[in-house]
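Order-wise, the sequence lines are chains A and B.
Under the numbering used here, the first residue of the first sequence carries the number 1, and numbering increases by one thereafter.
Under the numbering used here, the first residue of the second sequence carries the number 1, and numbering increases by one thereafter.
One or more of the hints may lead you astray.
No distinction is drawn between identical chains; accordingly, a pair holds when it is met within one copy or between any pair of copies.
Quick list of in silico lysine-lysine cross-link-like pairs, DSBU-like style, CA-CA up to 35 Å [unchecked claim]: (1) K403 / K9; (2) K231 / K336; (3) K141 / K387; (4) K231 / K328; (5) K163 / K328; (6) K13 / K231; (7) K367 / K163; (8) K328 / K144.
If you are wondering where the hints come from, they were derived from the structure by calculation, not from laboratory data.
Here the structure is a predicted model, which means the values were calculated and not measured.
Okay, here's what each chain looks like letter by letter:
Protein chains: 2
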Amino acid sequence: MRAVDIIIKKRDKGELTREEIRFFVNGITTGRIPDYQTAAWAMAVLLNGMTPRETTDLTLAIAQSGEVLDMSDVVKIAVDKHSTGGVGDKTSLVVLPAVAACGLPVGKMSGRGLGFSGGTLDKLESIPGYRVDLSTEEFEKQLKEIGLVLCGQSKDLAPADGKLYALRDVTGTVQSIPLIASSVMSKKIAGGAHAVVLDVKVGNGAFMENLKDAHELADLMVKIGQLAGRKVVALISDMNQPLGFAVGNALEVREAIDTLRGNGPADFREHCLHVAAHMLVLGEKTDSLEEARTLAEKSIADGSALEKFRQLIIAQGGDVSYVDDPDKLPKASLIKVVNAPRSGYLEQVRARAVGEASVALGAGRAKKGDPLDYAVGFVIHHKVGDKIQEGEPLFTVHANDEKKMEEAIASVSAAHTFNDFPVPPLPLFYA
Amino acid sequence: MRAVDIIIKKRDKGELTREEIRFFVNGITTGRIPDYQTAAWAMAVLLNGMTPRETTDLTLAIAQSGEVLDMSDVVKIAVDKHSTGGVGDKTSLVVLPAVAACGLPVGKMSGRGLGFSGGTLDKLESIPGYRVDLSTEEFEKQLKEIGLVLCGQSKDLAPADGKLYALRDVTGTVQSIPLIASSVMSKKIAGGAHAVVLDVKVGNGAFMENLKDAHELADLMVKIGQLAGRKVVALISDMNQPLGFAVGNALEVREAIDTLRGNGPADFREHCLHVAAHMLVLGEKTDSLEEARTLAEKSIADGSALEKFRQLIIAQGGDVSYVDDPDKLPKASLIKVVNAPRSGYLEQVRARAVGEASVALGAGRAKKGDPLDYAVGFVIHHKVGDKIQEGEPLFTVHANDEKKMEEAIASVSAAHTFNDFPVPPLPLFYA
Numbered sequence: 001m002r003a004v005d006i007i008i009k010k011r012d013k014g015e016l017t018r019e020e021i022r023f024f025v026n027g028i029t030t031g032r033i034p035d036y037q038t039a040a041w042a043m044a045v046l047l048n049g050m051t052p053r054e055t056t057d058l059t060l061a062i063a064q065s066g067e068v069l070d071m072s073d074v075v076k077i078a079v080d081k082h083s084t085g086g087v088g089d090k091t092s093l094v095v096l097p098a099v100a101a102c103g104l105p106v107g108k109m110s111g112r113g114l115g116f117s118g119g120t121l122d123k124l125e126s127i128p129g130y131r132v133d134l135s136t137e138e139f140e141k142q143l144k145e146i147g148l149v150l151c152g153q154s155k156d157l158a159p160a161d162g163k164l165y166a167l168r169d170v171t172g173t174v175q176s177i178p179l180i181a182s183s184v185m186s187k188k189i190a191g192g193a194h195a196v197v198l199d200v201k202v203g204n205g206a207f208m209e210n211l212k213d214a215h216e217l218a219d220l221m222v223k224i225g226q227l228a229g230r231k232v233v234a235l236i237s238d239m240n241q242p243l244g245f246a247v248g249n250a251l252e253v254r255e256a257i258d259t260l261r262g263n264g265p266a267d268f269r270e271h272c273l274h275v276a277a278h279m280l281v282l283g284e285k286t287d288s289l290e291e292a293r294t295l296a297e298k299s300i301a302d303g304s305a306l307e308k309f310r311q312l313i314i315a316q317g318g319d320v321s322y323v324d325d326p327d328k329l330p331k332a333s334l335i336k337v338v339n340a341p342r343s344g345y346l347e348q349v350r351a352r353a354v355g356e357a358s359v360a361l362g363a364g365r366a367k368k369g370d371p372l373d374y375a376v377g378f379v380i381h382h383k384v385g386d387k388i389q390e391g392e393p394l395f396t397v398h399a400n401d402e403k404k405m406e407e408a409i410a411s412v413s414a415a416h417t418f419n420d421f422p423v424p425p426l427p428l429f430y431a
Numbered sequence: 001m002r003a004v005d006i007i008i009k010k011r012d013k014g015e016l017t018r019e020e021i022r023f024f025v026n027g028i029t030t031g032r033i034p035d036y037q038t039a040a041w042a043m044a045v046l047l048n049g050m051t052p053r054e055t056t057d058l059t060l061a062i063a064q065s066g067e068v069l070d071m072s073d074v075v076k077i078a079v080d081k082h083s084t085g086g087v088g089d090k091t092s093l094v095v096l097p098a099v100a101a102c103g104l105p106v107g108k109m110s111g112r113g114l115g116f117s118g119g120t121l122d123k124l125e126s127i128p129g130y131r132v133d134l135s136t137e138e139f140e141k142q143l144k145e146i147g148l149v150l151c152g153q154s155k156d157l158a159p160a161d162g163k164l165y166a167l168r169d170v171t172g173t174v175q176s177i178p179l180i181a182s183s184v185m186s187k188k189i190a191g192g193a194h195a196v197v198l199d200v201k202v203g204n205g206a207f208m209e210n211l212k213d214a215h216e217l218a219d220l221m222v223k224i225g226q227l228a229g230r231k232v233v234a235l236i237s238d239m240n241q242p243l244g245f246a247v248g249n250a251l252e253v254r255e256a257i258d259t260l261r262g263n264g265p266a267d268f269r270e271h272c273l274h275v276a277a278h279m280l281v282l283g284e285k286t287d288s289l290e291e292a293r294t295l296a297e298k299s300i301a302d303g304s305a306l307e308k309f310r311q312l313i314i315a316q317g318g319d320v321s322y323v324d325d326p327d328k329l330p331k332a333s334l335i336k337v338v339n340a341p342r343s344g345y346l347e348q349v350r351a352r353a354v355g356e357a358s359v360a361l362g363a364g365r366a367k368k369g370d371p372l373d374y375a376v377g378f379v380i381h382h383k384v385g386d387k388i389q390e391g392e393p394l395f396t397v398h399a400n401d402e403k404k405m406e407e408a409i410a411s412v413s414a415a416h417t418f419n420d421f422p423v424p425p426l427p428l429f430y431a
């Protein structure tokens, strides 16, 4: 078998066999196939597509390119969740403690922020001491002891994915639905997941900007699950406006703690309960979504979800006093409330613009390895559809630099648009 | 400007600007753009195409990636020819001496064999001493003195083409009409050509297997010529059966010498006169193709073309006694005549199969740098449409290895197919 023939087959719209896909992924992993061949192949895949069968074989080949975790001793049905990324998406920080508090152990490997979207690891690191790099032994031990792990992706899992992703990023081959789906699913499978709740975000603040692509990605990941013998539920949720109010690492941790305490923004709480309910059903804690939702609500109401979050922070070396007293979290030196420039119905709060402004303030990275400013970001005070009076608070900016603050105010002000006539609120979920 | 944005633009079917193309080619030349980005870009170009304007900008950028020759002092209108490659195509060996003998100086840089198709340089090197590597000074001096040069491509000309071609070869991106056209035309322009006769081969023994692709390539190269201010004439000629009778380096040199002496196969002679006539018209030696053809015929009839060929061999260090006595050319130890297995009309002599069998005998290279056996090859005795009697000579094989000879006989026998009913001869030219 020769790499160039596999490239040519895909170039000519052929369907690759399992053996050809395994040969190629193996070549990527070992470095025997040079980057330039992988790049040409990825472009051919992006432009000519892959069938669900090919994508499943690709997913499994990537998953098996390194260690594959098996947590069957610790948890009967390992349920994972994945969000395709958005602005203000701190869902894992609430959902996982709630689910774990309901008796379903969850060990999740998360990522860092990418472009305008935040990353769970970055958010957690605003709590001093929190360690995201765990060994497989630590992962397993903690999952057994407290039923909850939230750490970084191990380098030993799905190494082909890391190499392929780095190359896709610089060759214009990120936006391929089969490549996105196989990247997500391969990591979940390598992490030992038996079942996965996928939260596919759609909107201007998501990587999928339209419903058609979101549905295609969701359907494909569900099909991969079926073909690979994993239970997969895909939700399609809105990302045209930020989720919740807070955008920025420490601000989002604070909002997550508020939510675990039974407060927090209504949309974010609702989103978390919905995802948690699906995880509990997949984990066979109950048969019905209604019952599962009641269990998740109860874990928040009785404080057990918050207690599980505290245990998580302690187990991974974080200073739990920051959870008990969120005022200790990093604070920006400049905090300014920006008022509504006019009265009207809020028509848009463009999530992408808010996410990009947050990165510009220092909450995200312009390039890999850039340091983060955990304190900065925004609290958006309204949701699309709200009726607003001129002069009432529109959003609050948290910054550590006067000039950046002014730029951020201009961007996020422009991200808010108004209408004289009532605007319907955005749905939380599309499917 | 970033390479990845240019890749994405082409991936999304955008039309690249001249500046973007120059930036990319410059990055290839300097090595600042890594191979994996070039590979992804080449695949996007192959799958999404390029407009004639983009292809012309690409051609000029590649031509200007190194030294650009200017022979205006030596020759008023520098006319070049290029064949896209085929089996038994020794046209340059006859056309160039004929044209030079008619008073139009020609300096041509040729290539080596590629895959199943032979290369002019390899053929010439079957004459001991012939040097193909000339400096620019030697090139210019010889062009001035005898009006004829036939050497290898200088490394200083169009270096981006060499790099791009090597990468395309291993990334499945050879078969792109804009990339093929820009590769051919950039070398001609860097070589200082004011006018070019292109011989686009079509058929199973050519890189373009169907007329549609051949027309597309020919049209595109003519358009590049127009846009780049060069006169270009494109001929489309048949390559379903070998051109002439001889296939193999020394055998083809011998056939070329025969033709320069006024003998040689009718189809090959006709092909050469046609190409030579177009060159003479482009070089403004005469206005009409008929007159030009008469001039070329005359140069063969009066021996001046052969004399020019002798001067070429002497000027480039070759032993001219091999021209005067072609029996001195390398001879195979095993020469076997294979007879027709049946009577009938010759339906096919599949050029590609003959070319591949010739490579297998040692006349071509399985991989770069392989040594050549100049003596081996075939003489095919018939043309498609010929009426043949069982037992009469079909072809002669020249080999230096018994086992290889047997395999070659099997392949080339199979390349000949017969029909009980008359078969029309193949045309020499389609357009």
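Structure-based check of all given hints:
Within a single copy, K403 and K9 get their C-alpha atoms only as close as 53 Å, which misses the 35 Å cut-off; across copies the closest is 33 Å, which meets it. For the homomeric pair K231 and K336, neither the shortest alpha-carbon distance inside one copy (46 Å) nor that between copies (69 Å) is at most 35 Å. Taking the shortest alpha-carbon separations for K141 and K387, neither the intra-copy value of 51 Å nor the inter-copy value of 85 Å comes in at or below 35 Å. Proximity of K231 to K328 under the C-alpha cut-off of 35 Å is found in neither arrangement, the shortest distances being 41 Å within a copy and 77 Å between copies.
Neither within a single protomer nor between protomers do K163 and K328 lie at most 35 Å apart by alpha-carbon distance, with minima of 39 Å and 58 Å respectively. Taking the closest pair of Cα atoms, K13 and K231 come within 35 Å of each other only inside a single copy of the chain (30 Å); across copies the shortest separation is 37 Å, beyond that limit. Taking the shortest alpha-carbon separations for K367 and K163, both the intra-copy value of 17 Å and the inter-copy value of 30 Å come in at or below 35 Å. For a Cα distance limit of 35 Å, the shortest separation of K328 from K144 inside one copy, 30 Å, qualifies, whereas the shortest one across copies, 86 Å, does not.
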